[in-house]
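J.: The primary structure of each chain is shown beneath.
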Amino acid sequence: MVKKVIIEVELRNRLGLHARPSTMIANVASNFKSEIFIERISDGMKANAKSVFGVMMLAAPKGEVLRIEAEGEDAEEAVKALVDLINRGFDED
Amino acid sequence: MKTEGRLFGKALVGGRGEGYVVKLKEVKVDGDIFSQLEKISKELKSGEDVISQFVAGLLEDELFKERLRKVLELGFDVETSIKLAIKPLIDRLKSENPQFAYRAQEIEDIFSQLGYISLFNFEGGKNYIFVGDTLSVALALKLKKEGFKGCILKHLKRDSHSALILSNAGIPTVVGIDPENFKEGEYLYLDGDLGVVSREPIGPEDEVGQKKGYKFKTKGGEEVEILLNLDFPDDIYWVNRFSTGVGLFRTEYLFFFDEEIEKLKNFSGVEPKVIIRAFDVGGDKFGGERDPMRLLEDMLQKFNKLLDIVKSSKNFQIMIPMISFPEQAKKFYDYIVVNKGIENLGFMVETPMAVRYLEEIQPYAKFLSVGTNDLWSLYTGKSRGSSDIKEQVNDRFGEVLKEILSKSKVPVSVCGALASDAEGLRFLLKLGYRSFSVSPSFFVKAVEIVEDFDG
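Going down the list, the protein sequences come from chains A and B. Residue 31 in this note's numbering sits at position 30 of the first sequence, with consecutive numbering throughout. Residue 30 in this note's numbering sits at position 12 of the second sequence, with consecutive numbering throughout.
In case anyone wonders, no lab produced these hints; they're calculated from the structure. Just so you know, not all the hints are guaranteed correct.
Below, computed lysine to aspartate or glutamate pairings styled on DMTMM-like, alpha-carbon distance capped at 25 angstroms [unchecked claim]:
{"hint": "1", "chain 1": "B", "residue 1": "K281", "chain 2": "B", "residue 2": "D249"}
{"hint": "2", "chain 1": "B", "residue 1": "K112", "chain 2": "A", "residue 2": "E93"}
{"hint": "3", "chain 1": "A", "residue 1": "K34", "chain 2": "B", "residue 2": "E56"}
{"hint": "4", "chain 1": "A", "residue 1": "K63", "chain 2": "B", "residue 2": "D109"}
{"hint": "5", "chain 1": "A", "residue 1": "K63", "chain 2": "B", "residue 2": "E270"}
{"hint": "6", "chain 1": "A", "residue 1": "K5", "chain 2": "B", "residue 2": "E80"}
{"hint": "7", "chain 1": "A", "residue 1": "K63", "chain 2": "B", "residue 2": "E345"}
{"hint": "8", "chain 1": "A", "residue 1": "K63", "chain 2": "B", "residue 2": "E280"}
{"hint": "9", "chain 1": "B", "residue 1": "K83", "chain 2": "A", "residue 2": "E40"}
{"hint": "10", "chain 1": "B", "residue 1": "K329", "chain 2": "B", "residue 2": "E278"}
{"hint": "11", "chain 1": "A", "residue 1": "K34", "chain 2": "B", "residue 2": "E78"}
{"hint": "12", "chain 1": "B", "residue 1": "K175", "chain 2": "A", "residue 2": "E93"}
{"hint": "13", "chain 1": "B", "residue 1": "K384", "chain 2": "B", "residue 2": "E204"}
{"hint": "14", "chain 1": "A", "residue 1": "K47", "chain 2": "B", "residue 2": "E84"}
{"hint": "15", "chain 1": "A", "residue 1": "K47", "chain 2": "B", "residue 2": "E78"}
{"hint": "16", "chain 1": "A", "residue 1": "K47", "chain 2": "A", "residue 2": "E9"}
{"hint": "17", "chain 1": "B", "residue 1": "K229", "chain 2": "B", "residue 2": "E441"}
{"hint": "18", "chain 1": "A", "residue 1": "K63", "chain 2": "B", "residue 2": "E315"}
{"hint": "19", "chain 1": "B", "residue 1": "K229", "chain 2": "B", "residue 2": "E243"}
{"hint": "20", "chain 1": "B", "residue 1": "K57", "chain 2": "B", "residue 2": "D95"}
{"hint": "21", "chain 1": "B", "residue 1": "K63", "chain 2": "A", "residue 2": "D92"}
{"hint": "22", "chain 1": "A", "residue 1": "K47", "chain 2": "B", "residue 2": "E114"}
{"hint": "23", "chain 1": "B", "residue 1": "K448", "chain 2": "B", "residue 2": "E278"}
{"hint": "24", "chain 1": "A", "residue 1": "K81", "chain 2": "A", "residue 2": "D44"}
{"hint": "25", "chain 1": "B", "residue 1": "K463", "chain 2": "B", "residue 2": "D253"}
{"hint": "26", "chain 1": "B", "residue 1": "K384", "chain 2": "B", "residue 2": "E417"}
{"hint": "27", "chain 1": "B", "residue 1": "K320", "chain 2": "B", "residue 2": "E345"}
Take a look, some chain A residues computed to stay more than 12 angstroms from chain B by CB distance [to be verified]:
{"hint": "28", "residue": "K4"}
{"hint": "29", "residue": "V6"}
{"hint": "30", "residue": "I8"}
{"hint": "31", "residue": "V10"}
{"hint": "32", "residue": "N32"}
{"hint": "33", "residue": "E40"}
{"hint": "34", "residue": "G45"}
{"hint": "35", "residue": "K51"}
{"hint": "36", "residue": "K63"}
{"hint": "37", "residue": "E70"}
{"hint": "38", "residue": "E78"}
{"hint": "39", "residue": "K81"}
{"hint": "40", "residue": "V84"}
Beta carbons are placed, not taken as given, at the ideal position from N, Cα and C, and that holds for glycine.
Let's have the full structure, built from the sequences with the hints guiding it.
T.: Here it is, written out as structure tokens:
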């Protein structure tokens with residue numbers, strides 16, 4: 002069954018969405034079949050979460066609120082995995 | 019020690035090497051660029067650093083490949099196409115905060131050399147020395163793989179991953195020398211411990227008598243002070259190598275990364291002094307900060323942090339750039355000396371107004387330092403970097419510089435690029451200047467010129 006899940010989460014790690022987090026997001030998102038998008042709330046810029054190019058283009062700093070939108074059979078699991086990754090601060094501390 | 023025919027840089031990886039110069043060059047691509055990029059991506063993935071992993075991911079990214087495909091179809095060569103494909107990302111990062119801008123530069127460095135990784139063309143069976151502006155991780159791996167005997171770069175951070183690769187591979191490396199000094203195919207010798215590059219063998223006469231210290235005498239017996247212009251915490255290397263102090267420590271870069279400013283404390287014992295120049299107040303230093311009030315708060319917070327560090331050591335002195343009027347000097351004096359209790363306050367003399375009002379400005383200063391770069395630029399209207407340093411050696415500019423010297427009742431030195439040029443330094447000595455802050459790669463030559471000066 003196709004689901005759509007939307008959730009907002011704040012970036013907590015010090016350097017924001019720099020190279021490593023962008024790569025991690027793209028790697029995690031690519032494990033799921035759903036279409037996944039990440040939007041930077043402050044300016045509305047949106048990226049395909051599976052594209053490291055797109056995610057890095059968001060250039061989201063610490064404190065930015067991101068909207069994660071996933072649509073597909075594993076949307077819930079995808080969103081959970083990404084939110085978990087972001088809330089862990091990308092294991093940077 | 020021998021200085022003739024030598025170029026002096028920063029020793030990054032020790033040991034001696036010699037070989038034929040190899041530089042990056044444009045090469046025509048035969049075959050499918052995408053399969054080549056796939057190979058490059060695999061090579062990059064073997065690197066452990068974040069940026070290599072990121073770039074490897076970028077090369078496999080469908081969005082990037084689609085952009086590259088479109089640009090190639092327009093008929094651009096491979097190198098240009100890759101640059102254009104990555105450009106939106108670089109521009110976006112550079113317009114954001116300085117930390118992203120710094121990351122953009124790292125990515126640009128890798129991409130600027132990416133097209134050459136698989137296309138690096140040279141004859142085998144000889145000794146080679148790579149000469150370039152900088153070195154990406156991917157290219158460092160290539161040099162290691164191909165058994166290069168040496169590396170000469172314009173810049174490379176000591177703690178970068180590329181530097182680590184060179185060090186692990188035992189490739190002697192000297193940094194801080196412009197690759198324009200060398201031609202493809204010429205034979206060079208380098209010593210990665212002394213930081214010396216030469217067209218003739220490096221021998222015992224290079225090792226003996228490298229001058230150290232900060233006071234030197236002219237032929238006429240006059241004492242001249244020579245300090246260093248530095249930018250980064252790991253430049254402590256130069257202070258230790260030459261046993262001298264710092265006449266200008268630029269702090270702009272340090273403020274991009276808060277944790278870096280703390281490393282200034284590593285210089286607290288350096289004699290005779292470390293003059294820390296506060297950063298220029300300007301929006302360009304804070305990336306894409308759109309809220310001016312936040313910008314001002316951020317700048318003040320960072321400025322106060324800098325003052326705390328200056329206060330932590332008796333060897334530290336603070337220097338304020340771009341002062342033009344006595345009222346400005348007084349404001350800084352009231353804040354720094356009266357309010358914060360920091361006595362060693364100096365100003366840079368780098369604007370025409372500062373020269374005009376110098377007598378009223380200097381009562382608020384313990385020392386002055388002439389910033390010839392901006393001073394020349396503001397007097398002539400020529401932008402920094404657009405004119406040759408040697409243009410500054412003329413009677414008219416000399417009159418301005420003499421005026422500063424005659425008006426100064428506190429110690430005055432020169433920290434601009436003019437002092438790091440052989441002709442410029444001789445010119446300044448003739449004008450009567452006796453204190454200089456020079457680039458590290460010029461220190462040895464500066465000492466030679468001073469000791470040879472008979473004026």
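J.: Could you run down the list of hints and mark each one as holding or not?
T.: Status of the hints after comparison with the structure:
no.: 1; hint: K281/B <-> D249/B; result: holds, 12 angstroms
no.: 2; hint: K112/B <-> E93/A; result: holds, 23 angstroms
no.: 3; hint: K34/A <-> E56/B; result: holds, 24 angstroms
no.: 4; hint: K63/A <-> D109/B; result: holds, 20 angstroms
no.: 5; hint: K63/A <-> E270/B; result: holds, 22 angstroms
no.: 6; hint: K5/A <-> E80/B; result: holds, 24 angstroms
no.: 7; hint: K63/A <-> E345/B; result: violated, 39 angstroms
no.: 8; hint: K63/A <-> E280/B; result: holds, 21 angstroms
no.: 9; hint: K83/B <-> E40/A; result: holds, 22 angstroms
no.: 10; hint: K329/B <-> E278/B; result: holds, 17 angstroms
no.: 11; hint: K34/A <-> E78/B; result: holds, 18 angstroms
no.: 12; hint: K175/B <-> E93/A; result: holds, 22 angstroms
no.: 13; hint: K384/B <-> E204/B; result: violated, 50 angstroms
no.: 14; hint: K47/A <-> E84/B; result: holds, 18 angstroms
no.: 15; hint: K47/A <-> E78/B; result: holds, 20 angstroms
no.: 16; hint: K47/A <-> E9/A; result: holds, 13 angstroms
no.: 17; hint: K229/B <-> E441/B; result: holds, 20 angstroms
no.: 18; hint: K63/A <-> E315/B; result: holds, 18 angstroms
no.: 19; hint: K229/B <-> E243/B; result: holds, 13 angstroms
no.: 20; hint: K57/B <-> D95/B; result: holds, 19 angstroms
no.: 21; hint: K63/B <-> D92/A; result: holds, 20 angstroms
no.: 22; hint: K47/A <-> E114/B; result: holds, 16 angstroms
no.: 23; hint: K448/B <-> E278/B; result: violated, 39 angstroms
no.: 24; hint: K81/A <-> D44/A; result: holds, 24 angstroms
no.: 25; hint: K463/B <-> D253/B; result: holds, 19 angstroms
no.: 26; hint: K384/B <-> E417/B; result: holds, 24 angstroms
no.: 27; hint: K320/B <-> E345/B; result: holds, 23 angstroms
no.: 28; hint: K4; result: holds, 24 angstroms
no.: 29; hint: V6; result: holds, 23 angstroms
no.: 30; hint: I8; result: holds, 24 angstroms
no.: 31; hint: V10; result: holds, 20 angstroms
no.: 32; hint: N32; result: holds, 14 angstroms
no.: 33; hint: E40; result: holds, 15 angstroms
no.: 34; hint: G45; result: holds, 14 angstroms
no.: 35; hint: K51; result: violated, 8 angstroms
no.: 36; hint: K63; result: violated, 10 angstroms
no.: 37; hint: E70; result: holds, 18 angstroms
no.: 38; hint: E78; result: holds, 22 angstroms
no.: 39; hint: K81; result: holds, 23 angstroms
no.: 40; hint: V84; result: holds, 21 angstroms
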